[in-house]
Every structure is written in structure tokens, then in C-alpha cells.
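**Q** Starting from the structure of chain S, add chain U with the ligands where the hints point.
Chain by chain, the residues:
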Amino acid sequence: MPLLDVRNLTTYYMTRRGPVRAVEDVSFAVEKAQAMGLAGESGCGKTTIALSLLRILPPEGKIVRGQILFEGKDIVKMSEKELREHIRWKGIALIFQGAMNALNPVYKIKEQIVEAIKIHEPNVTKREAEERAKKLFELVGLDPSRVDNYPHEFSGGMKQRACIAMALACNPKLLIADEPGTALDVVVQAQILKLLRELKEKLSISLIVISHDLSLITETCDTIAIMYAGKIVEFADIVEMFKKPLHPYAQALIESFPSISSKKYKFVSIPGAPPNLLNPPSGCRFHERCKYAMDICKKKEPEFKEVSKGHFVACHLVGG
Amino acid sequence: MSETLLKVENLKKWFPLKLGFFRSLVSKKLLYVRAVDGISFDIKNEEIFGLAGESGSGKTTTGRCILRLIEPTDGRIIFEGRDITKLTPDEMKSFRRRMQIIFQDPYESLNPRMTVEDIVAEPLRILRIANSEDEIIAKVKEILTKVGLTPPEEFMFRYPHELSGGQRQRVAIARAFVINPKFVVADEPVSMLDVSIRAEILKLMLSLTKEYRSSFLYITHDLALAKHLCNRIAIMYLGKIMEMGTTEQVIDNPLHPYTKALIAAVPIPDPTARRSEVVIKGEIPSPVNPPSGCRFHTRCPSVIGEICRKEEPELIEIEKGHFVACHIYSKK
Ligand SMILES: Nc1ncnc2c1ncn2[C@@H]1O[C@H](COP(=O)(O)OP(=O)(O)OP(=O)(O)O)[C@@H](O)[C@H]1O
Ligand SMILES: Nc1ncnc2c1ncn2[C@@H]1O[C@H](COP(=O)(O)OP(=O)(O)OP(=O)(O)O)[C@@H](O)[C@H]1O
Ligand code: SF4
Ligand SMILES: [Mg+2]
Ligand SMILES: [Mg+2]
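Here the protein sequences come in this chain order: S and U. According to my numbering, the residues represented by the first sequence are 1115 to 1434, in order. According to my numbering, the residues represented by the second sequence are 18 to 349, in order.
For reference, chain S alone in the conformation it holds in the complex (with noise of 0.2 Å):
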């Protein structure tokens, strides 16, 4: 049994001008101490599903319908009580998006840690709490004596070593990093990513990697699951989808991303722009951009089918 076990999940924020349906039938797994990287462009729905996962959608937003199965259990069903008591920070921790920027610049970032972990762990006292922010600072790199330290004292890569430290206060089984080498230098990144790297090899713990660039996802996943316009066209092992990607968008994807190691780049790029989620286009919603779109590509939505063992693809050019 997978770690977490995602089936048709389909979030919706409910706006005045109707449901933006920004997450809709999309699947996927994550094993045991594997990572998975989420990729896709700006709007796509990746952050949407981070927050899905731990049901901390702003009011607007809805979980229309699927399963979250985490270690068996749905948490689509859960009370509130049930996600803060096994889920949040416990049992999925969440990196949120430029959150190294979000950090409280008037409480100490020791004090930040303790409050996450008295909030999830009651029993806890303080004095632990406070050892335990010690203990995390020095598994994520930093020096255990400027817990006592303001945010604003701390360098942009010492801020994000700071978030993870923080999420990992309660010894989560699945991390969640949402675009965690955003807003940082090549070399600040290269050391953040070997940070996530080691931590799961140390601790053994599930990762989900949520980025545009899919160079850092190749860096730190196992497998990876691209989106476009709110669904999941293709997932697969990641050397998988590098070297046999089906959908056109993840050919096109890959495709366009250059590289400092190869010889030459083609300016690849794919014509138009990702469609307003308000009013999704029919059919397969690649379709206005897509170079090998035929007539059923309008009408009829393309099946997100398993083509090979782990290999999973919504496309109608695929697998009849």
C-alpha cells in the first residue's frame, strides 16, 4: 500500500464568477520514503493540490470529489479534530510556497518551531519543545545556537533551512516542499536540494517536490507527475519520462527546458497560453495548443490510462 494514494481528486475554488476548477480527476501515489515532483506551469494547480492534501483550502475552495487515502485512511472524510490530531504537521508537513518570506519577523524563529510542535503535541513542554528546535536546526545544516535568532537575521537559504526545520517538527512521514528553490542562487539551491536529498535518506521519510523548473526535480525525485490546466497528463519514473515522455505537453516541457551540459537548444516553445481554469476547454484542455491535436481532442476527454507498468498517460495519441 502506497504512502498516500490519491483517486480523482477535483478542487474547485467557488468564485463569484463561477467554480475555477483548478484541480479536477487528477491521480497519483507516493511510496515510502520515494519522492514525487509535481511540475507544471504558473496556474496549473500544483500549490491547489499541496493544500488539498492537508484540506487547508481558503473558504472558496472545495473538494468537489475523490479520495486522499494517507496510509489508508481518506482524509477527504476526516473532522477537522482527526487532520490536526494525525495529519497536519504529523502526519504531512507542508513547505508552503515562498514561505521563508512569511516567516513572523517579530517572534524568534526558536519560537515559531515551539508553537507548531504545542500545537500538534500538547503533552510536549516547552523546555523539549525548545530542544527539539535545537535538534532540527542541526539536522537541517544550521547552527543550533541561533534558534534564539530574529528572521530577519538569517540569510534567504538560512530562512529556508529554517521552514524546513519547522516542518519537520513533528516528524512527519510526507514532506511537502511547494517551489522550494524559488528566489534562491544557483549555489543556495544546490545546497537546499542536497539538504532534501540527505533528509530522506536520513529519515526516510516521503517527499512531494512541487516546482516549475523541472531541473530540481530531477535533482530530487523518484518519480514525477506533470500537470497542465488542472490535470495530471503524465506520470512516470522519472528517467521514464525523460527519456520516453508521451504527452505532447511533456515533450514540449521537457523539450524547452535548456541545459548547461548539452551542446545545442532549440528555443523551443509552445505556442498560446494555459487556459483560464474558469472555462476549461472541452475535450482534452491541451488541445488549442497542441501540435498533434485531432477532431476527438476537442470533443471526447482523454482517459488517464496506465500505458506501461507506473507509466500513466492522458492523451488520445496514446495506447488506442
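Wrong hints could be hidden among the right ones.
[Claimed, not checked] Covered by chain S, per the in silico footprint, the following chain U stretches (three or more residues, Cβ under 8 Å):
#1 79-90
#2 202-216
[Stated by the list, open to error] Below, in silico cross-link-like pairs of lysine-lysine (PhoX-like), each with a Cα-Cα straight-line distance of 25 Å or less:
#3 S:Lys1222 x S:Lys1248
#4 S:Lys1358 x S:Lys1204
#5 S:Lys1249 x S:Lys1222
#6 S:Lys1405 x U:Lys220
#7 U:Lys220 x S:Lys1377
#8 S:Lys1378 x U:Lys227
#9 U:Lys298 x S:Lys1249
#10 S:Lys1377 x U:Lys337
#11 S:Lys1423 x S:Lys1146
#12 S:Lys1224 x U:Lys220
#13 S:Lys1316 x U:Lys24
#14 U:Lys163 x S:Lys1405
#15 S:Lys1308 x U:Lys298
#16 U:Lys277 x S:Lys1308
Honestly, the hints are just simulated from the structure, not real lab data. Heads up, the beta-carbon is just placed ideally off N, CA and C, and yes, glycines get one too.
**A** Then chain U with the ligands, alone, in the frame of chain S:
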């Protein structure tokens, strides 16, 4: 592509550091952020010259000084043979028609209260380049078509918020190119855009560069992209150029320990390729008080001795066109 279009000589920009009132009473010495601290390079006709380096290394400040959007503290900027740092605002005007800038953020660089037509026409009007309103409109339509905002009538009357990020960046490019610039500073022009549209914008810039025979100062922190876009590259660190040369020299055959570390840290979008390596520790120090000697010595994995802490290495030519500022190479 041989004659020099622009020559930057010993350019410096020091920003006075604003201290609180009481601190300024106590501290007698004026402190400066040495954003750009004595750099020299030249850009040739029809060349794309890349300026790369970590955040805060002084790239944007360099670009803005060259266009005199901010005044350099010291140094010369010689454009088509004339030192433009000495020009009066009036004299500067005729140079402004030949130099343009494209900013990083397509969401902030366009005035939200102006229509696309007015945004693109503005440089024509300010610099009085066109003779009549009809000519202005014709020029605006022509350039909008070239940047792919077609038909132009459909976009001219829109406001920036009615455009996607890629479309906004096209407007910024149209605005820069509408006056046939000889030289364009492009400050991270695609870093805010999704990868699937980046290539399109870059291809557009490349084709305009050819068509108008313009040169570019391309500011970026993305070395993978710079490798495929630029003819030559300079790597900056704390206001100084550490290495400079052709793209092949700098990216495929780096010599400076800092360049080597940067390149080793770049992730590769291929799961079977090497993993990014962390060769250097910590983060870029403050430019208020840059380290003595070689500015990189506090993080350098190859320090060769006292000399690195004491003497500032000069940028010297190691092989034809390949410059490095590091004692490993200067003390042969
Ligand atoms: N509170 C909200 N109300 C309405 N629509 C929303 C809300 N939050 C997000 N959306 C929309 O839902 C879609 C998915 O957003 P989401 O933040 O999940 O994307 P993302 O893939 O994380 O993007 P990014 O890479 O920019 O972070 C987008 O079209 C977005 O505009
Ligand atoms: N107007 C200003 N006043 C004071 N300091 C400034 C000013 N503009 C820039 N600086 C400082 O000068 C240094 C160089 O800044 P600059 O914006 O040129 O860097 P950059 O290389 O473009 O960085 P980034 O990659 O983040 O855009 C930084 O330390 C910055 O804080
Ligand atoms: S001069 Fe010394 S400290 Fe500076 S890069 Fe070279 S070896 Fe390193
Ligand atoms: Mg997001
Ligand atoms: Mg800048």
C-alpha cells in the same frame, strides 16, 4: 561583428548607506554599498553580451549606469566613441534614442493606466522621433505585428492587466524596439515567464537583434540559458568581474574557482546527468564591507595563501579574449 559599440571603463557605483539618525551621529565615516566596484568590458556591434552572477552582485546597477538611469560614481562609458558620462541631459537625449532597456518584471514595468498603444508610442513621442500622429500609429502597429501581437488593433487599446505575462513582455519589447535602438539592456527579461513561452520571447529578441543590428547587454542569473544565448559572458561577484570571455571559454572551460562553483551548482534537467554540486559554502557577503584581497576568498575552495586575503587579483587575459581575476593565474 567586430567594431566596439560600447566600452565600459572602471565603472563604479557606490550607494551611500542610509544609517539611522543616531547611528549617523556616532559613526563618523560614511558607509557605502559598493554595488559596482570598478568593472571594465566592451560590447561589439550585433553582440549579445551576458552579465551573470548571484543576486546582489551588481548586474542591474551596471545596466542602469550604462543608460545613465542612475549616475555612476566613477568611470567612463564610451558609446560609439563618445564618453556619455559627461553629457548634459540635453545632449543625452540623442543617445537615448539609440539605447533602451527591458525590465525583469512584466507586471511592474508597464504603467497600468496606459493602453498598449500609449505605452509603445511613448518613446516616439518623448524623443520626438515621428513627424505626425499618423506616423506614430503606423510605427506602433508595425512593431506590435513584429512582436507577434496580431492583429495589432486587437491589443492596442488594452491595458496591461488585460494581457498575459508573455503578452506584457512582448509589449515591453515592442516599446524598446520601436525606436530602432542600437543597444538594449535586457534585465532578466524572461525570468518571470513560464518556460513554454520563454523561448518564444528569446527567439523574438534574437530576430530583432538581427533585423535592427542591435547589441544586447543580457543580464541574467540563468547560466544554462546564457550559454545558449550569449556570444560572450562576464561573471560578476560583489561588484567585480571575476571572469570574462566567449561563452565557450567561460561556461565550457571555466577557470575561476567562483565560475567553476557556479556552474557545478546548476541543476541539469536530465535525471541521468550529474547532480548539482555544492562546492562553496555560505552565501554572498555584504557589499558594504567586501572581503579584503580577493572578494571571493571567504568562500573559495582553492585559496592559495595569504595573497588571496591581502591582494586584490587583477582581471588579466589568460588566453585570447579570456580574462580571469584570480591569483592562481596571475602568479605564474
Ligand atoms: N483563492 C482562489 N480563488 C480563485 N481562484 C484561485 C484561488 N487560488 C488559486 N486560484 C486559481 O486556481 C488555479 C491553480 O492555482 P495554484 O495556485 O494551485 O497554481 P500553481 O500551479 O501552484 O501556480 P504557481 O506555479 O504560480 O504557484 C489558478 O488558475 C489560480 O488562478
Ligand atoms: N538604490 C540603491 N540604494 C542602495 N543600495 C542599492 C541600490 N540599488 C542596489 N543596491 C545594492 O547594490 C547591490 C547590487 O544590486 P543590484 O540590484 O545591482 O544586483 P543584481 O546583481 O541586479 O541582483 P539581482 O540578481 O537580485 O537582481 C545590492 O547589494 C543592492 O542591495
Ligand atoms: S584569488 Fe585566491 S581566493 Fe580568489 S578565487 Fe583565486 S584562489 Fe580563490
Ligand atoms: Mg503554487
Ligand atoms: Mg537585478
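**Q** Is the straight-line distance between the alpha-carbon of Lys1358 (chain S) and that of Lys1204 (chain S) 25 Å or less?
**A** The given pair, whose Cα atoms are some 37 Å apart, is violated under the 25 Å limit.
**Q** Run the distance test for Lys277 (chain U) versus Lys1308 (chain S): straight-line Cα separation, threshold 25 Å.
**A** holds (18 Å)
**Q** Does Lys1249 (chain S) lie within 25 Å of Lys298 (chain U) when you go C-alpha to C-alpha?
**A** holds (21 Å)
**Q** Quick one, are Lys1249 (chain S) and Lys1222 (chain S) close enough, alpha carbons at most 25 Å?
**A** holds (16 Å)
**Q** Holds or violated: are the alpha carbons of Lys163 (chain U) and Lys1405 (chain S) at most 25 Å from each other?
**A** At roughly 23 Å apart (the allowed maximum being 25 Å), Lys1405 (chain S) and Lys163 (chain U) satisfy the hint.
**Q** Has the given pair, Lys1378 (chain S) with Lys227 (chain U), been kept, meaning a C-alpha gap of at most 25 Å?
**A** holds (20 Å)
**Q** Can you confirm whether the C-alpha distance between Lys1316 (chain S) and Lys24 (chain U) stays at or below 25 Å?
**A** violated (53 Å)
**Q** Next pair to validate is Lys1224 (chain S) with Lys220 (chain U); report whether the Cα-Cα distance is within 25 Å.
**A** violated (49 Å)
**Q** Straight-line Cα separation of Lys1423 (chain S) and Lys1146 (chain S) no greater than 25 Å?
**A** holds (18 Å)
**Q** Are Lys1405 (chain S) and Lys220 (chain U) close enough, with their CA atoms no more than 25 Å apart?
**A** OK: Lys1405 (chain S) and Lys220 (chain U) at ~19 Å, within 25 Å.
**Q** Cut-off 8 Å, C-beta pairs, minimum 3 residues; does the coverage of the segment 202-216 of chain U by chain S stand?
**A** With 6 residues close enough to chain S, the hint holds.
**Q** Check, residue by residue, whether the segment 79-90 of chain U contains three or more positions whose beta-carbon lies closer than 8 Å to a beta-carbon of chain S, and give the verdict.
**A** Since 0 is below three, the answer is violated.
Checked against the numbered hints above, the structure violates hints 1, 4, 12, 13; every other hint is satisfied.
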